[in-house]
Amino acid sequence: MCVVCGCAAPGPVQHQHPHQHAHTASGDLHYGTGAARVSVPGMSQARAIKLEADVLGANNAIAAQNRAHFMSHHVSAYNLVSSPGSGKTTLLCATIEALKQRAPGLPVAVIEGDQQTTHDADRIRATGAPAIQVNTGKGCHLDAPMVADAFAHLHHHAHHDHEPSLLFIENVGNLVCPAMWDLGERAKVAVLSVTEGEDKPLKYPDLFAAASLMVLNKTDLLPHLDFDVAQCIDYARRVNPGIEVLLVSAKTGVGMDAWLDWLLQA
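Each residue of the sequence shown is one higher than the one before, starting from 4 at the first, in the numbering used here.
The hints are simulated quantities; they were obtained by calculation from the structure and are not laboratory data.
Warning: the hint list may mix true and false statements.
Unchecked claim - Using 25 angstroms as the maximum straight-line C-alpha spacing, the simulated DSS-like pairs for lysine-lysine come out as follows:
1. K206 to K141
2. K103 to K206
3. K103 to K254
Unchecked claim - Simulated DEER-style distance windows between Cβ atoms:
4. P87 to D223: 15 to 23 angstroms
5. H33 to R240: 19 to 27 angstroms
6. G108 to D202: 40 to 48 angstroms
7. H156 to T255: 40 to 48 angstroms
8. A56 to D264: 22 to 30 angstroms
9. G60 to Y34: 19 to 27 angstroms
All C-beta atoms in this analysis are idealised placements derived from N, C-alpha and C, irrespective of residue type, glycine included.
Could you put together the complete structure from these sequences and hints?
Dropping the structure here:
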């Protein structure tokens with residue numbers, strides 16, 4: 004959990020507390036069975052819970068401000084979360100190009116999150132859409148203050164105060180930490196490539212539980228893979244019965260109309 008793994012402000016450490024874990028009959032070890040659902044060397048479960056509440060509370064206050072700011076500017080913000088290599092940036096580039104045909108004149112901007120480089124923001128800018136790169140260093144996710152700073156630099160919204168616009172927030176590639184951080188977005192979108200395996204929703208349930216939509220991306224590769232689409236959808240709905248699912252290929256354009264419908268429904 005990133006609240007206590009070092010990328011958020013640390014609290015004082017309590018010593019002499021063993022790991023909190025459980026054994027199974029097979030000898031497997033489960034370190035997420037305590038009240039905090041995480042085990043940190045030298046930290047009690049109570050301290051981990053307190054630290055998480057403090058850090059997330061401060062973040063959520065800024066997220067609420069972000070949400071109000073987005074609403075005041077008629078911005079629909081979507082937080083795209085996935086593992087590295089799922090095709091988020093390619094999907095965004097294809098989305099921006101498709102929106103030029105589907106909704107010409109609709110302002111679109113992107114906040115790009117990575118540890119280093121501006122490669123993804125440069126790809127977005129090549130489509131003509133404004134983008135701000137947020138490099139997190141050792142941080143494994145974007146947080147609400149980062150998004151607030153980035154949005155303040157996207158001057159395009161100041162000229163469209165009375166027009167709807169879209170803001171995509173491409174989070175750092177990570178299936179764990181971004182799940183718990185509210186950025187002020189309208190919804191989280193989990194992007195899962197069919198090259199990753201259909202069991203990801205069960206392995207990383209917090210992310211898929213927090214997402215409103217799962218985009219199964221790179222579906223053009225399905226003929227070459229052993230990927231069970233129905234099983235993947237079933238797994239996702241076990242952890243989130245209300246999650247919507249779209250099958251998309253950013254490369255071929257299959258499913259893009261349904262994706263645009265979902266984005267523009269507001």
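* In ascending order, which of the hints set out earlier in this document are inconsistent with the structure? -> Structure breaks hints 2, 7 and 8.
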